[in-house]
Amino acid sequence: MALDKRATRLGVLAVVGMLLFGLVGARLWFLQTVEQAGLQEEVEQTKRREVPLLPERGRIFDADGRILADNERVLTVGVDWDVIRREDDRAEIFRRLSGWIDVPVEEMEERFDSQVYSPFLPMPVAEDIDEPTAAALLERVEDLPGVQIMEEARRVYPYAPTASHVVGYMGRITAETMEAYTADGYQLNERVGKFGIELSMEEELHGTPGKVVYEVDKSSRIVREIERIPAVNGQDIQLTIDLDQQQYAEQALESQLKLRQLETARNGLDPETDFKTRFFTDYPSEVPFKAPAGAVVVENHENGHIVALASYPTFDNRWFEAGLGIDDFEQVFPSTNEDGTKIDPDKSTLVNRAIQGRYNLGSTFKPFTAYAALNTGLFGTNDYYRDTGTYKMTSIEDDQCNTGAVRCVFKNATCSGTGRPCVYGMVDVETALAVSSDAFFYRIGEDIMVENDYEPILQEQVRLFGFGADTGIDLPFEFDGTVPDKELKARYGELGVISEDEGSGYFTGDNVQLAIGQGLLSASPLQLATGYGAIANGGFVMRPEIIKAVYEPGVPDAEEPGFADLSQARFAEEPNLRGDLVRQIPMPDEIKNEITTGLRRVITGPGTTSDYYHSTTGEKLFYTYPSSAIPVAGKTGTAQGAGNYPWNDSSAFAAFSIDPERPFTVSAYLEKAGYGSQAAGPVVKCIYLQLSGMAAADPVELSDPLDTSNLEPAPSNHLRDQSCYAGRFSPTAVTE
1 MALDKRATRL GVLAVVGMLL FGLVGARLWF LQTVEQAGLQ EEVEQTKRRE VPLLPERGRI
61 FDADGRILAD NERVLTVGVD WDVIRREDDR AEIFRRLSGW IDVPVEEMEE RFDSQVYSPF
121 LPMPVAEDID EPTAAALLER VEDLPGVQIM EEARRVYPYA PTASHVVGYM GRITAETMEA
181 YTADGYQLNE RVGKFGIELS MEEELHGTPG KVVYEVDKSS RIVREIERIP AVNGQDIQLT
241 IDLDQQQYAE QALESQLKLR QLETARNGLD PETDFKTRFF TDYPSEVPFK APAGAVVVEN
301 HENGHIVALA SYPTFDNRWF EAGLGIDDFE QVFPSTNEDG TKIDPDKSTL VNRAIQGRYN
361 LGSTFKPFTA YAALNTGLFG TNDYYRDTGT YKMTSIEDDQ CNTGAVRCVF KNATCSGTGR
421 PCVYGMVDVE TALAVSSDAF FYRIGEDIMV ENDYEPILQE QVRLFGFGAD TGIDLPFEFD
481 GTVPDKELKA RYGELGVISE DEGSGYFTGD NVQLAIGQGL LSASPLQLAT GYGAIANGGF
541 VMRPEIIKAV YEPGVPDAEE PGFADLSQAR FAEEPNLRGD LVRQIPMPDE IKNEITTGLR
601 RVITGPGTTS DYYHSTTGEK LFYTYPSSAI PVAGKTGTAQ GAGNYPWNDS SAFAAFSIDP
661 ERPFTVSAYL EKAGYGSQAA GPVVKCIYLQ LSGMAAADPV ELSDPLDTSN LEPAPSNHLR
721 DQSCYAGRFS PTAVTE
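Read in order, the letters of the sequence shown are residues 1 to 736 in our numbering.
Everything labelled a hint here was simulated from the structure, so no lab data went into it.
There may be inaccurate statements among the hints.
[Unchecked claim] Calculated lysine-lysine pairs in the DSSO-like style (CA-CA distance at most 27 Å, straight line): (1) K211 to K194; (2) K620 to K592; (3) K342 to K290; (4) K347 to K194; (5) K290 to K347; (6) K258 to K290; (7) K620 to K258; (8) K486 to K392; (9) K411 to K486; (10) K194 to K47; (11) K194 to K548; (12) K411 to K194; (13) K392 to K411; (14) K290 to K620; (15) K258 to K342; (16) K620 to K411; (17) K258 to K347.
Modelling step: build the complete structure from the supplied sequences, incorporating the hints.
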């Protein structure tokens, strides 16, 4: 019986052995046949190393070929990742390197732990080292295994800080954007556009990476090059911005803001006694204007080309390439005050107010209200209205008005020196625009709503000019603006921007405020310029264009320093010199002429005579404007400020040329700077004089090196000759 049991056990072992040999054989067959290709590829990969080749970034030029963004060769010290995987090896390499490159070991360790650098390229430990240091490191390769000297490109801005808001700046790929960029073939070491054209044209500027494939031995040393695919450099971008006009616009804007800070707003005038009294008792009788910020747009209204786009406060985009530490960078661009409170938004520098500003437009909006009335037949070119200085709504019962729950009476702006609303007498559309009769436009605001069964007709008409939607300009972060209606008020009520009761509906009084550019209306200076341009060109709403041309990579330098030789450039795509038409608005000659004539009278006069002669709102300002300069039609605007404090009123002015050979539209907006004719108006006037060749302009020159010891966002940039601001004002002049 014992023998039988042994035989049984041996039989079982034999079966198990056969099964095991069978499994091993099956596995060998599987590896040699089914997985043979994959395993062979894996073996090959261990003998190969793939190194990315980064493209050189495309350059940015102005309309005349000035190089606004360029690339500068710099030397970077990098360390092969394989050498610093082990902590002990890493610590020793970093210790040896630290003295040579003047970078603390702790900082190099932070870079290693940050996970923001490409695993396929050496980890950079020091950028922009000098040639002697690079040579010394190369002589010590045996003591510094894995250390490499890499030639890289650093972004430079030869004319900075001019046009910094337009050109933009670059920065590192962040953890939030890492996945998106790596999916597009970027290496984590690369810097990418963060603002301006650098961001909006990132795809064109970046180019296409290449690669080199090497065969390596078991010690990861290169044996031979197997394959090389060259990188395709980024395309060069030419802007419509003319740096001559851009520099002048920036100087005129900053200089006027500084001048307005020296002026004061009067704190009230008692209309009953004509004595100076303080309406706001917590403030003195004269309060200085803050005048902290503003924007200017110069646009060719025939093709939409943006000639200048200025925003203040400004900054020098070279700070983003200066290698500042966190503390210094926070001092240049603070996010909080010294006491930890949030920074005053009026002082924000990294905001392009020309496209991001959300402003009440004040009376600069009236031409669009006039168009709505004329285009819908509410008012004709020969219809008149008697302006008595006030307007009382007729669609609301007197009993309701008398309760005080609803505002029914609206007044014209106060005439300077009288303390009472201006009285203009009989006015039509043309004259109402010329003298800026609020009462006339209050009536339009009410009647266009009541006579159209409370439908949003005014909103529909002004949206034709582009209000309430972004313009489509090739710049990032453009604000849409708002045109108030029932839906907007309801949303604001839910968000707590206005009370729930106020957000419960859109009322006639809301439309009355909209008609004069107040209330919940908001728009950017660019939208304002686009709208005025559509009046100027007869109803063609053009998409603002800031890209003039896209060139194939490698446009050579010109002999003149700071310029590219555009005669040697080749288009990557056919330039759109005629511009893009967004829509055509019905603009019969009688409507265009009525509005244009009214806006022309704003500049030249005459005004109206009722109780006395009322100048038009720009007549005194343009009194000395030469007849040989570009003839313009325009409109002043004063947007009521927070708390109804007069020193919080913002200043707007928009105008267009009526000379078809010089088709420029200009808009300016100066925050908390007072009346339109006293702050924004002079800026626009100066720009037209400069465009006419009659105002002295500084030559555009290459920048001096950035002074990193002066931790200011940008140096002051004043207009040397400020005589163009001058006008002929009188105490009784309307200064809206």
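We went through each hint and held it up to the structure:
1. A threshold of 27 Å between alpha carbons decides the hint, and for K211 with K194 the separation of about 26 Å falls inside it, so the pair holds.
2. A C-alpha spacing of about 25 Å is found between K620 and K592, which places the hinted pair at or below 27 Å, so the restraint holds.
3. For the given pair, K342 sits about 18 Å from K290 by alpha-carbon distance, which is consistent with the 27 Å threshold.
4. Simply put, K347 and K194 have alpha-carbon atoms about 20 Å apart, close enough for the 27 Å limit, and the pair holds.
5. A C-alpha spacing of about 11 Å is found between K290 and K347, which places the hinted pair at or below 27 Å, so the restraint holds.
6. Distance restraint check for K258 and K290: the Cα-Cα separation of roughly 9 Å lies within the 27 Å cut-off, and the hinted pair is therefore satisfied.
7. For the given pair, K620 sits about 22 Å from K258 by alpha-carbon distance, which is consistent with the 27 Å threshold.
8. A threshold of 27 Å between alpha carbons decides the hint, and for K486 with K392 the separation of about 23 Å falls inside it, so the pair holds.
9. Distance check on the hinted pair: K411 and K486 sit about 25 Å apart at the alpha-carbon level, within 27 Å; holds.
10. A threshold of 27 Å between alpha carbons decides the hint, and for K194 with K47 the separation of about 39 Å lies outside it, so the pair is violated.
11. Between K194 and K548, the direct Cα distance comes to roughly 21 Å. Compliance with the 27 Å bound is thereby established for this hinted pair.
12. A C-alpha spacing of about 47 Å is found between K411 and K194, which places the hinted pair above 27 Å, so the restraint is violated.
13. For the suggested pair K392 and K411, the alpha carbons sit about 9 Å apart, so the restraint of at most 27 Å is met.
14. The suggested pairing of K290 with K620 holds, with an alpha-carbon distance near 24 Å, which does not exceed 27 Å.
15. A hinted pair counts as satisfied when its Cα atoms are at most 27 Å apart, and K258 with K342 qualifies at roughly 24 Å.
16. Using a Cα cut-off of 27 Å, the hinted pair K620 and K411 holds, with the two alpha carbons roughly 23 Å apart.
17. Under the criterion of a C-alpha separation no larger than 27 Å, the hint pairing K258 with K347 is consistent with the structure, at around 14 Å.
The structure does not agree with the numbered hints 10, 12 stated previously, though it agrees with the rest.
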